[in-house]
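Enquirer: Sequence:
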Amino acid sequence: MVTSRGGSSSSSSFGISSSCCKIFPVKPSSPSSFTILRLFVLLIVFIFIFNFYSRSILEDEENLNLRLPDFVSQQQLSSEKLWETPFSDGLHPCVHPTSRYQAIQGGDNNHYITVRSNGGLNQMRTGIADMVAVSRMMNATLVIPELDKRSFWQDKSVFSDIFDEDHFIDSLKGDVRIIKKLPTELVSVPRARKHFTSWGGLGYYEEMTKLWMDYQVIHVAKSDSRLANNDLPIDIQRLRCRALYHALRFYPSIETLGKALSKHDADKRRS
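In full-length UniProt numbering, the protein residues as written are 1 to 271.
Everything labelled a hint here was simulated from the structure, so no lab data went into it.
Positions of the beta carbon are idealized from the N, C-alpha and C atoms, including for glycine.
A couple of the hints might just be wrong.
[To be verified] List of simulated lysine-lysine pairs, DSS-like, C-alpha gap at most 27 Å:
id, residue 1, residue 2
1, Lys222, Lys194
2, Lys194, Lys156
3, Lys210, Lys173
4, Lys263, Lys222
5, Lys222, Lys210
6, Lys259, Lys222
7, Lys156, Lys222
8, Lys149, Lys222
[As the list claims (entries may be wrong)] Computed spacing ranges between beta-carbons, pair by pair:
id, residue 1, residue 2, range
9, Asn139, His96, 28 to 34 Å
10, Ile44, Arg270, 58 to 64 Å
11, Asp89, Ile234, 34 to 40 Å
12, Gln102, Leu257, 21 to 27 Å
13, Asn110, Trp199, 35 to 41 Å
14, Leu257, Gly174, 27 to 33 Å
15, His92, Gly203, 29 to 35 Å
16, Ala221, Ser262, 58 to 64 Å
17, Arg226, Cys94, 15 to 21 Å
18, His96, Gln154, 35 to 41 Å
19, Ala103, Arg270, 41 to 47 Å
20, Pro97, Trp199, 20 to 26 Å
21, Gln154, Asp267, 30 to 36 Å
22, Ser262, Gly120, 19 to 25 Å
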């Protein structure tokens with residue numbers, strides 16, 4: 001009976017438990033509100049990134065399709081546009097003097113600068129333009145510079161063989177007095193031989209004018225004074241530009257040959 005009761009009791013308990021499980025089923029644990037919020041935020045971020053990159057890809061494709069005809073036309077017209085003046089991107093020449101600039105007064109100047117240029121052709125051109133500016137700052141007459149004859153290419157050309165000498169003198173007549181040769185009476189006088197300091201400012205060249213108290217002629221052994229980036233007055237820099245790009249014109253026969261070669265090359269590319 002005890003066993004039976006125990007068994008009955010066990011059965012009964014089991015039955016009650018089963019009934020309770022059936023009546024009140026065990027629910028699985030649900031995710032917390034924070035987890036749901038985090039997943040929602042991640043979903044929003046993913047959608048945003050997807051839309052952003054999808055739109056960028058579509059825009060790139062549209063731009064590529066728009067540019068493609070222009071690119072093709074540029075390839076077809078490249079030989080024609082090669083010889084046109086390039087876009088300036090807002091840049092413009094600064095060669096004209098400002099309203100404050102004063103032209104030199106007429107009359108002879110008894111201070112002279114002689115120059116021996118050095119380096120290749122482009123370096124000599126830049127150096128000559130610098131010497132024009134130096135002559136202006138030191139209130140001196142510039143003698144037509146000698147070109148470099150000692151370099152390895154052994155070029156014996158003189159200034160008038162390469163450049164239009166008369167044009168050089170005439171185009172700068174309001175800026176600096178320039179003569180072709182040193183006056184005969186000064187050929188044998190003692191000269192101050194000077195290699196001007198590179199990147200010297202206006203104060204440096206004003207100090208150099210003290211040499212005129214003892215000499216009439218200053219000989220500059222090298223013309224590479226590098227005046228481009230040393231805070232010189234704007235009119236001095238513009239004078240350098242006028243000398244370099246306007247006054248230093250090639251001799252007419254060289255100009256003619258250069259234009260003929262350019263035209264021949266342009267015609268050949270167009271054909």
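Enquirer: Hint by hint, note whether the structure agrees.
Expert: Going down the list of hints, with the structure as the test:
A threshold of 27 Å between alpha carbons decides the hint, and for Lys222 with Lys194 the separation of about 8 Å falls inside it, so the pair holds. Note on Lys194 and Lys156: the hinted pairing holds, with a Cα-Cα distance of about 24 Å set against a maximum of 27 Å. Between the alpha carbons of Lys210 and Lys173 the distance comes to roughly 25 Å, so the proposed pair stays at or under 27 Å and holds. Between the alpha carbons of Lys263 and Lys222 the distance comes to roughly 36 Å, so the proposed pair goes past 27 Å and is violated.
As the CA atoms of Lys222 and Lys210 are separated by approximately 20 Å, the hinted pair is consistent with the 27 Å bound. The suggested pairing of Lys259 with Lys222 is violated, with an alpha-carbon distance near 32 Å, which exceeds 27 Å. For the hint linking Lys156 to Lys222, the alpha-carbon distance of about 17 Å falls within 27 Å, and the restraint holds. Distance check on the hinted pair: Lys149 and Lys222 sit about 13 Å apart at the alpha-carbon level, within 27 Å; holds.
Distance hint check for Asn139 and His96: the Cβ-Cβ separation is about 22 Å, which falls outside the suggested range of 28 to 34 Å. Under the hint 58 to 64 Å, the C-beta atoms of Ile44 and Arg270, about 59 Å apart, fit the expected range. Checked against the given bound of 34 to 40 Å, the beta carbons of Asp89 and Ile234, roughly 21 Å apart, lie outside it. Checked against the given bound of 21 to 27 Å, the beta carbons of Gln102 and Leu257, roughly 39 Å apart, lie outside it.
Under the hint 35 to 41 Å, the C-beta atoms of Asn110 and Trp199, about 29 Å apart, miss the expected range. The hinted window of 27 to 33 Å between Leu257 and Gly174 holds, with their beta carbons roughly 31 Å apart. A hinted range of 29 to 35 Å holds for the C-beta pair His92 and Gly203, which are about 30 Å apart. Taking the beta carbon of each, Ala221 and Ser262 are about 36 Å apart, not inside 58 to 64 Å as hinted.
Under the hint 15 to 21 Å, the C-beta atoms of Arg226 and Cys94, about 19 Å apart, fit the expected range. In this structure the hint that His96 and Gln154 lie 35 to 41 Å apart at CB holds, the actual value being about 39 Å. In this structure the hint that Ala103 and Arg270 lie 41 to 47 Å apart at CB holds, the actual value being about 45 Å. Distance hint for Pro97 and Trp199: a CB-CB separation of about 23 Å, consistent with the stated range 20 to 26 Å.
Hint check: Gln154 to Asp267, Cβ distance near 35 Å, so the stated range 30 to 36 Å holds. The supplied range of 19 to 25 Å is met by Ser262 and Gly120, whose beta-carbon atoms lie about 21 Å from each other.
Hint compliance for this structure: hints 4, 6, 9, 11, 12, 13 and 16 are broken, all remaining hints hold.
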